[in-house]
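Following the hints, position chain D against chain G.
Here the protein sequences come in this chain order: G and D. For the first sequence, position 132 (counting from the first letter as 1) is numbered 156 according to the working numbering, and the numbering increases by one without interruption. For the second sequence, position 171 (counting from the first letter as 1) is numbered 436 according to the working numbering, and the numbering increases by one without interruption.
A couple of the hints might just be wrong.
If you want the footprint, here are the derived chain G segments under chain D, 3+ residues with CB under 8 Å [as the list claims (entries may be wrong)]: (1) 60-69; (2) 99-108; (3) 177-185; (4) 188-202; (5) 282-295; (6) 298-304.
In short, the hints are calculated from the structure, not lab data. All C-beta atoms, glycine included, are put in the ideal place defined by N, C-alpha and C.
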Amino acid sequence: MRVYLLRRLLAVIPVMLVVATVAFVLVHLAPGDPASVIAGPYATADDVGKLRRQLGLDEPLPMQLVRWYGRLLTGDLGDSIFLRRPVLEAVLDRLEPTLLLTALAILIAVIIGVPAGVVSARYHNSGTDQSLMALALLGVSVPNFLLGLLMILVFGVWLRWLPVAGYVPLADGLWLNLRSLLMPAFSLGVVQSALIARITRSSMLDVLREQYILAGRARGLHEAVVVYKHALKNAIIPTLTVVGITFAILIGGAVVIETVFNIPGLGRLIISAVLRRDYPVIQGVVLLIALAYTMVNLAVDLAYLALDPRIRYQ
Amino acid sequence: MTNRIALIAMIAVVFTAAPAAAQDTPRAGGILKAAMIGEPPSLDIHWTTAVITQQITWHIYEGLYTYDTQFDPIPMLAEGHTIADGGRRYTIALRRGVKFHNGKEMTSADAVASLQRWGKMATPGKALWKNVEAVEAKDPYTVVISLKEPSGSLLYGLGRPNNGAAIYPKSVIDVAGENQVKEFIGTGPYRFVEHRPDRHIRLARFKEYVARTDAPDGYGGRRTAYVDEILFLPVSDVAVRLAGVETGEYHFATQIKQDQYDRLKTMPALEPRVVKPSGWATAVPNHKQGVMTSKKIRQAFLAALDMESIMVAAVGNRDFLRLDPGLFYPEQGMWHSTVGKNAFSQNDKEKARRLLREAGYTGQPIRWITTKEYDWMYKSALVAKQQLEAVGFVVDLQVVDWATLVQRRNKPEVFDIFSTGFGFTADPALATSLQCNWPGWWCSEEKDRLMADLAREVDPKKRRALIDRLQAIFYEDVGRIKFGDYFLLDVVRKELRGFRSTPELFFWNAWLAK
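Next comes chain G alone, as it looks inside the complex:
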C-alpha cells in the first residue's frame, strides 16, 4: 500500500514536467503579446517594442523556457505581468472563492443527483423514472451560463432575493458569503447533478440485478434496507468517480460561471490572464490545476478502498 502511494506520488513529477512544458509552449505559440495590451490602443509599434524589452519578452523562447524550469525547481512560479505580484500569491488569493463555490456546487449536485438516481433505479421504467431522467437530460443539455443568467434575472432582478453578482468573502460573514455563492453554485450544481443522477441510476440498476440483492429480498429484508443499505453502497463507486472528476473540473473550469457572477476565483484569474497574455499566470495556474487534478484522482482511488473492501492496490 505504502509502495503504491509512493509510486503514485512519484508519477506526479513527470506529469508536471510535461504539463509545464506544454503550457509554456502553447501559451507562447498563441499570437498576441502582453506588451501590446499594456501599451494600449493608441501606442505606436516603437512604444510596444520598448515595453517588450523592458518586460524581458524579447528574449529567445528557449532561454525563457530554461528560466521557467529553473524557477520551478525552486518552487517559484514567477511574477504576474499585470498584477505586479507573484503568481502563487495571486492564486492563493483566488482559492477561497473557487474552493467554496466548488464545494457548494458539488454538495448541491450530490443532494439532487444521488437521490434522483436512486429513486429512478428503484422505480425503474415508471413514470417517476422517466420524468426524472427527462429532467436530467434537460439539465445536462442546458449550458450553465444560461441557467446563471436566467437565475440572475429571476432571483436578482425580479425578486431581489439575491445579489446579482459579486463575491463576499467568508470573513465578512457566513450568511453574506452563502448568499453571494448560492446562484453560481446552483447553476454549476444543477448541471452536474444531472450527470450524477444518470450515473447513479445506471450503476444502481446493475447492482439491483445482482444475486445478493435477490437473496436479501428473499430473506424478507425491507425494500428500503435492500436499496439504501446494500445496493447503494455498492453502486456508489462510479458516482464517486464522477464527483471526483467534477471537483477537479470545477476547480479550474468554473470560468464561465465565475465571469457571469463576477466571482474573483481561479477561473476569472485564468481567463483574464489568457485575454491579456499574462504568460506566468497562465502557466502557473495550468500547472496548479494539473496538480489538483492528479491529487483528486489519487484521493478518489484511495476512497474506493474505504468504500469497497474488494478493491486492493498492489
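Coordinates of chain D only, in the frame set by chain G:
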C-alpha cells in the same frame, strides 16, 4: 390673522419645497460603486494609452492643465503661464500649497521630473517632446519649458487625459525610473487605497485636497470629492453590469448595449446616458506593405461602402451613431470640418469596379483582422465585407481576440486592414488617426508637413484651414476608412447626482442622494 395665514403658507411652502431642494443640494458621504468593463493593464498613467487606466487614475492624479467645456486647455495644477521668445518659452507658475497624497507639497521639482518621464515614456509625450529642448525648475513654483519651435499643441498635450502628463511626486519617480511606479500618489481629490484584482479598486476622498477656487468648467475648475469612497468594480459581462445597476448594486454601469436604450428610458430608477462623442469606427489600411498600398485600390474600397448600413449594423440604435465625415467631432466647434463629405459614404459600385480594373486588381485576398471582443468592430467588418465582395474584392476576414489584433497590427507583413476605433482627442495635431508612425503607417509628404504645421500653429483660424486641407487629403488618399461616429451608452441610478456624461469619465463633483 392674515399674517398668521401667510406664515403658515410660508412654512408649508418651505416644508414641501425642502425635499426637492435637499435632493439637489450636494451631500457628502457614501460609497459610489461603478461597474467598469474590466481591469486596467496598469495604474501608471504614463505607461499606457488604455482608456480604463485613464478613467480610474484620473481621480488620483492631476496634470498641470486640463480641458474646459469646449475642450480647450485651462490650468489645473498650474496657476497660469506666460509665453515668450516668439512662442518658444513657456513659463508656467504652479499653484502653491497643493498637497500630494503622501502629505508633501507639490513643487516644480515634482513637475519637472514627471514631465520629463512623461516625455520619455508616454505616446503623446514622446510626440510632443520632439519639439522640447528643456524643462527646468526656475524656482520651487515655476517651471520653464523651452521649445525648439512654437507649438499650438503643448498645452493641449499637457492637459490630455489619455496617457496624460500626470504629476507624480519626484520621490516616486526616483524609485520607479522607467519601470511602472509602485506607489500611486497624486494630487487629486481621491487617493488610491487598494487594488484587489478582479474584485475592486478602492479610492477614498483625499481630505487635504486643495481644490481650485474657480467654478467647475469642463474637466477643470473646482473639483469636489463628495462621496467618501469610489469602488471601481471590474464587471466584464455586460448583462451583469446592467442587472447590477437595475438592482442598485452599482450606481453606474459603463458600456451597456445600445439596443437597451429604449427599455432603460422607461425605468424610473435609472437614467441612460448617451456618451457623445465617444469615437469613430474605422478600418485602417496597411500603407506600408501589401495590396492596400495601391491608392486606387484604397479608393475603390472607400467607393464601394455604404456607411449607413455598416453603422446601423455595428451600433444597432440610430441614437448612437452619426454619419459624419469629420476627422474631428461637431462638439469640437472650430475643429469640425465637412470637407470630403461626398467621398465619405459613396456606395458607388460602378466607380469601385472601375477603380479596381484600373488598379489591375486580380483578386488578391484582403486580409482584414477584426475582433468580436468589440462587437461593433466585428459587425462593421462583416457588413463591409459583403459590400466589398459585391464589387469584386476578395476579403479574408480574420477574427481574433483583441490581444492578437493589437499585436498583429504592428507587423506590416501579416495584414491589409484592421478594425479599430479612434477615441476623442482634443488637439487635432495629436490625433492618432493622423499619425504616420502608428500601425497602418499612413505617411505622405504633404500630410506630414501639414501635421507639423498644425502642431506649430497657434492661431485657431489657421489651424482650421490646415484641418480642412488634411481632411481633403484624408479622403483623396484614403488614409483610413471612417465608417462613422459612435456613441456609448452608460447607465446611472437616479440617486447619483451632479454626474455629467462627457467623453471622459469622472466622478468628482458627483454625489449620492441617499
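Quick rundown of the hints versus the structure:
no.: 1; hint: 60-69; verdict: holds (count 10)
no.: 2; hint: 99-108; verdict: holds (count 3)
no.: 3; hint: 177-185; verdict: holds (count 4)
no.: 4; hint: 188-202; verdict: holds (count 4)
no.: 5; hint: 282-295; verdict: holds (count 7)
no.: 6; hint: 298-304; verdict: holds (count 3)
The earlier numbered hints are all upheld by this structure, with none contradicted.
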